[in-house]
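**Q** The chain contents come next:
Protein chains: 2
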Amino acid sequence: MKAEIIAVGTELLLGQILNTNAQYLSRELASMGIDVYFQTVVGDNMGRLRHAIELAAERADILLLTGGIGPTQDDLTKDALAAALGRSLHIDPPAMEQVERFFTSRGREMTENNRRQALVIDGSTPLPNETGLAVGVAIEQKGKFYIVLPGPPKEMKPMFDRQAKPWLLQHALTDEMPIYSTMLKFAGIGESLLEDKLLDLIQAQSDPTIAPYAKEGEVSVRISTKASTEAEAMKKLEAMEAKIRERLPEHLYANTDVPIEQTIVELMTERGLTLSAAESCTGGLLMESITAIPGSSAMFLGGIVCYSNQMKEKLLHVPHSLLEGDGAPGAVSPEVAEVLAEQVRAVADSDFGLSVTGVAGPGDSEGKPAGLVYVGLAERGRKAEVFELRFSGNRESVRVRSVKALFYQLWLKLISK
Amino acid sequence: MKAEIIAVGTELLLGQILNTNAQYLSRELASMGIDVYFQTVVGDNMGRLRHAIELAAERADILLLTGGIGPTQDDLTKDALAAALGRSLHIDPPAMEQVERFFTSRGREMTENNRRQALVIDGSTPLPNETGLAVGVAIEQKGKFYIVLPGPPKEMKPMFDRQAKPWLLQHALTDEMPIYSTMLKFAGIGESLLEDKLLDLIQAQSDPTIAPYAKEGEVSVRISTKASTEAEAMKKLEAMEAKIRERLPEHLYANTDVPIEQTIVELMTERGLTLSAAESCTGGLLMESITAIPGSSAMFLGGIVCYSNQMKEKLLHVPHSLLEGDGAPGAVSPEVAEVLAEQVRAVADSDFGLSVTGVAGPGDSEGKPAGLVYVGLAERGRKAEVFELRFSGNRESVRVRSVKALFYQLWLKLISK
Chain D
9 MKAEIIAVGT ELLLGQILNT NAQYLSRELA SMGIDVYFQT VVGDNMGRLR HAIELAAERA
69 DILLLTGGIG PTQDDLTKDA LAAALGRSLH IDPPAMEQVE RFFTSRGREM TENNRRQALV
129 IDGSTPLPNE TGLAVGVAIE QKGKFYIVLP GPPKEMKPMF DRQAKPWLLQ HALTDEMPIY
189 STMLKFAGIG ESLLEDKLLD LIQAQSDPTI APYAKEGEVS VRISTKASTE AEAMKKLEAM
249 EAKIRERLPE HLYANTDVPI EQTIVELMTE RGLTLSAAES CTGGLLMESI TAIPGSSAMF
309 LGGIVCYSNQ MKEKLLHVPH SLLEGDGAPG AVSPEVAEVL AEQVRAVADS DFGLSVTGVA
369 GPGDSEGKPA GLVYVGLAER GRKAEVFELR FSGNRESVRV RSVKALFYQL WLKLISK
Chain S
9 MKAEIIAVGT ELLLGQILNT NAQYLSRELA SMGIDVYFQT VVGDNMGRLR HAIELAAERA
69 DILLLTGGIG PTQDDLTKDA LAAALGRSLH IDPPAMEQVE RFFTSRGREM TENNRRQALV
129 IDGSTPLPNE TGLAVGVAIE QKGKFYIVLP GPPKEMKPMF DRQAKPWLLQ HALTDEMPIY
189 STMLKFAGIG ESLLEDKLLD LIQAQSDPTI APYAKEGEVS VRISTKASTE AEAMKKLEAM
249 EAKIRERLPE HLYANTDVPI EQTIVELMTE RGLTLSAAES CTGGLLMESI TAIPGSSAMF
309 LGGIVCYSNQ MKEKLLHVPH SLLEGDGAPG AVSPEVAEVL AEQVRAVADS DFGLSVTGVA
369 GPGDSEGKPA GLVYVGLAER GRKAEVFELR FSGNRESVRV RSVKALFYQL WLKLISK
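Chains D and S are the protein sequences, given in the same order.
Take 9 as the starting number for the first sequence in our numbering and just add one per residue.
Take 9 as the starting number for the second sequence in our numbering and just add one per residue.
Any given hint could be a false lead.
When chains are identical, the list treats them as one kind, so a pair holds in a single copy or across two.
[To be verified] For lysine-lysine, the following DSBU-like pairs were computed, each having C-alpha atoms within a straight-line distance of at most 30 angstroms: (1) 251 - 162; (2) 376 - 165; (3) 162 - 412; (4) 391 - 251; (5) 150 - 165; (6) 205 - 162; (7) 244 - 376; (8) 391 - 376; (9) 234 - 421; (10) 162 - 376; (11) 322 - 173; (12) 205 - 152; (13) 162 - 193; (14) 412 - 150; (15) 150 - 376; (16) 244 - 173.
These are calculated hints, taken from the structure and not from any lab test.
Fair warning: this is a prediction, and the values are worked out from it, not measured in the lab.
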């Protein structure tokens with residue numbers, strides 16, 4: 009099965025918003041074993057929208073349209089698809105009721121244009137909108153499958169997951185073997201070294217397939233297989249995962265798409281361990297990453313952003329002689345990273361304490377080059393370990409990779425116990 | 009002039025990466041007065057890529073292609089465009105030298121496939137790659153203009169800005185009046201209320217045009233005009249900006265596309281004021297946002313992430329009686345927000361101290377609903393002010409909007425002085 013995704017909206021063509029819907033749907037379709045050959049973005053214009061729909065319908069079996077189903081006169085997606093299919097539109101009573109309820113419950117008057125949000129194409133299956141007002145549409149005509157979804161991602165995603173995907177599985181994919189896949193996540197290793205370690209597996213791949221990819225400070229490998237039952241798929245995926253794990257036991261931290269900080273939160277919570285942190289150049293990014301994980305309050309006690317030297321001295325008892333004066337190693341030094349990690353651990357009375365001090369850039373600082381970072385890892389009853397990191401790249405990249413590198417060291421420590 | 013953007017790469021069709029290039033180029037083209045009618049994504053496949061190029065060339069005057077110009081056999085963009093134009097490829101000597109220098113300087117052997125990165129189309133203008141190896145291409149044929157750019161954004165953006173844009177201005181846009189625009193940024197106001205306040209201006213708009221848009225916790229308005237000189241454009245834009253500012257003086261914080269924290273860093277640095285923060289539910293996000301701004305070390309001293317109650321008591325002297333026990337208001341309370349702001353300001357000895365305590369969710373906590381947040385703003389020599397916020401939305405959204413709301417209060421305080 010071949011699919012195309014058409015995102016509708018002039019705001020996309022003006023670059024005002026990013027087309028995250030196309031990425032989300034592409035990934036979902038890939039996981040269902042559906043090939044996406046084209047993604048298109050078209051504006052809120054009847055002629056061009058119809059042209060895009062007709063062109064895609066010639067090339068593909070499945071069309072997914074997102075956006076352009078709101079209340080305004082600019083919202084033309086359903087009208088254009090209906091015209092392309094030679095059908096009419098009608099009001100879907102349950103969707104209309106939902107729109108009316110929305111306005112009644114807020115004590116606001118419903119304007120006439122809001123009725124447009126309840127329109128569906130004759131002969132289609134309405135897709136209820138659980139997080140918004142505009143109803144979606146699924147329809148089959150002449151062996152082609154058409155889905156219309158809302159533009160806002162918080163409406164589009166639940167409608168795809170809970171309405172459109174089951175509809176597609178039931179109507180379009182009856183003959184296909186489903187694809188199953190596992191996402192393996194790695195830390196402390198770059199994309200090229202990882203590919204090198206798995207080169208023979210990647211080159212020999214047929215079933216399961218192996219697809220590595222990278223983003224800032226993270227490398228992932230997706231392994232996928234088609235199978236008629238989940239048990240059969242899992243057997244193949246687990247065998248491949250075991251092969252890969254055997255080669256990279258000190259880097260493979262998860263077999264599901266989570267950041268390393270989530271694995272850390274889970275490992276430490278399970279073992280009843282607690283964490284604190286002292287951040288200089290990362291300015292809160294490390295703690296923000298940990299606390300972004302729901303449930304982190306069970307293991308994360310808190311910490312200190314000691315951006316100025318005074319804060320380092322006052323709250324974390326860094327000796328003045330380390331920070332300033334002739335021969336002082338300075339704030340960006342292994343000595344200071346060590347004191348910061350040990351002191352924040354002591355102040356918080358946590359099992360582990362982390363520290364980061366470095367030059368995030370742009371530009372050098374106090375004679376130290378941008379990209380030079382020291383991270384510290386203290387454990388109750390032991391002297392802190394310190395790691396020197398050297399990065400190129402901009403301020404944001406240095407900060408992100410410093411945090412990820414330190415998380416990697418902490419994870420290594422946790423799994424070695 | 010009409011343009012189309014074609015992004016090439018199977019990784020985009022698999023949803024492995026987000027098409028940020030299309031957004032960047034769309035925005036740039038809009039600012040040059042060029043209409044973008046379609047964006048397309050196509051995979052690394054010769055037939056489909058040529059089909060996409062030929063289709064776009066029928067519809068538009070300018071084609072921008074990104075991606076598919078690396079060293080591998082999958083990188084087919086220049087080959088496909090050359091074929092579509094009926095031309096051949098040749099090695100560009102300066103680009104070849106750059107590739108060779110790269111390998112020599114790293115002491116690595118250059119493999120044959122790397123020569124592909126120096127290929128250009130016969131009769132084209134090579135676009136040097138300042139941040140990578142693959143050379144770009146600009147070419148005019150039969151009144152149509154074609155640009156080929158690299159896929160990685162850190163190579164694509166500088167090549168567009170410094171090579172492709174000047175080439176387009178010189179070759180394609182000789183008759184057009186350039187577009188000038190100003191981005192106005194607002195805080196402390198939602199998109200619908202902002203549109204309401206500017207409704208008559210938006211409805212009557214012709215020149216300058218007015219385009220509002222929103223993202224999490226931020227609202228912007230872009231005003232644009234065409235003019236033959238910059239001075240003439242600025243006069244029109246400034247008059248419109250003044251009209252808008254008059255209606256929303258307490259919300260318009262910048263006339264350039266910066267986050268409110270950047271305005272705060274600039275205002276406080278100019279005035280020699282310093283800042284510290286105590287964060288509970290936002291877990292470091294506030295401090296991370298401030299320290300992400302280069303130069304923030306001049307005004308930001310640091311702060312404390314007091315995630316646990318013990319940290320609140322130990323480091324910020326929150327009385328135990330406020331946190332626990334019968335009748336205690338609890339950690340998420342105006343009383344605690346007040347103590348946190350005042351104490352962190354005192355500990356850091358800064359001019360201002362900020363605090364956030366709330367329930368980020370998911371789920372309620374200690375009998376308080378998810379989305380209930382108290383933020384505090386303390387100033388040297390004064391009692392802290394506390395604001396109650398109530399949000400719906402997920403954990404991330406509650407955290408981001410809490411931080412933005414508190415920045416808004418700080419900005420209001422700063423401009424009222």
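**Q** Next step is simple, just say for each hint if it's right about the structure.
**A** Each hint tested on the structure:
1. 251 - 162: neither (38 angstroms within a copy, 34 angstroms between copies)
2. 376 - 165: For residue 376 and residue 165, only the inter-copy Cα distance (29 angstroms) is at most 30 angstroms; the intra-copy one is 46 angstroms.
3. 162 - 412: both (28 angstroms within a copy, 21 angstroms between copies)
4. 391 - 251: neither (36 angstroms within a copy, 63 angstroms between copies)
5. 150 - 165: Within. Shortest intra-copy distance 27 angstroms satisfies the 30 angstroms Cα cut-off; inter-copy 44 angstroms does not.
6. 205 - 162: So residue 205 and residue 162 pass the 30 angstroms test across copies only (27 angstroms; inside, 39 angstroms).
7. 244 - 376: neither (50 angstroms within a copy, 47 angstroms between copies)
8. 391 - 376: Answer is within: at 25 angstroms inside a copy they meet the 30 angstroms cutoff, but 41 angstroms across does not.
9. 234 - 421: neither (37 angstroms within a copy, 60 angstroms between copies)
10. 162 - 376: The answer is between: 25 angstroms across copies meets 30 angstroms, while 45 angstroms in one copy does not.
11. 322 - 173: neither (57 angstroms within a copy, 51 angstroms between copies)
12. 205 - 152: neither (43 angstroms within a copy, 46 angstroms between copies)
13. 162 - 193: both (26 angstroms within a copy, 24 angstroms between copies)
14. 412 - 150: Neither: 51 angstroms inside a chain and 51 angstroms across chains, both beyond 30 angstroms.
15. 150 - 376: For residue 150 and residue 376, neither the intra-copy (67 angstroms) nor the inter-copy (54 angstroms) Cα distance is at most 30 angstroms.
16. 244 - 173: For residue 244 and residue 173, the Cα distance is within 30 angstroms only inside one copy (25 angstroms; across copies 50 angstroms).
Violated hints, in rising order: 1, 4, 7, 9, 11, 12, 14, 15; the structure is consistent with all others.
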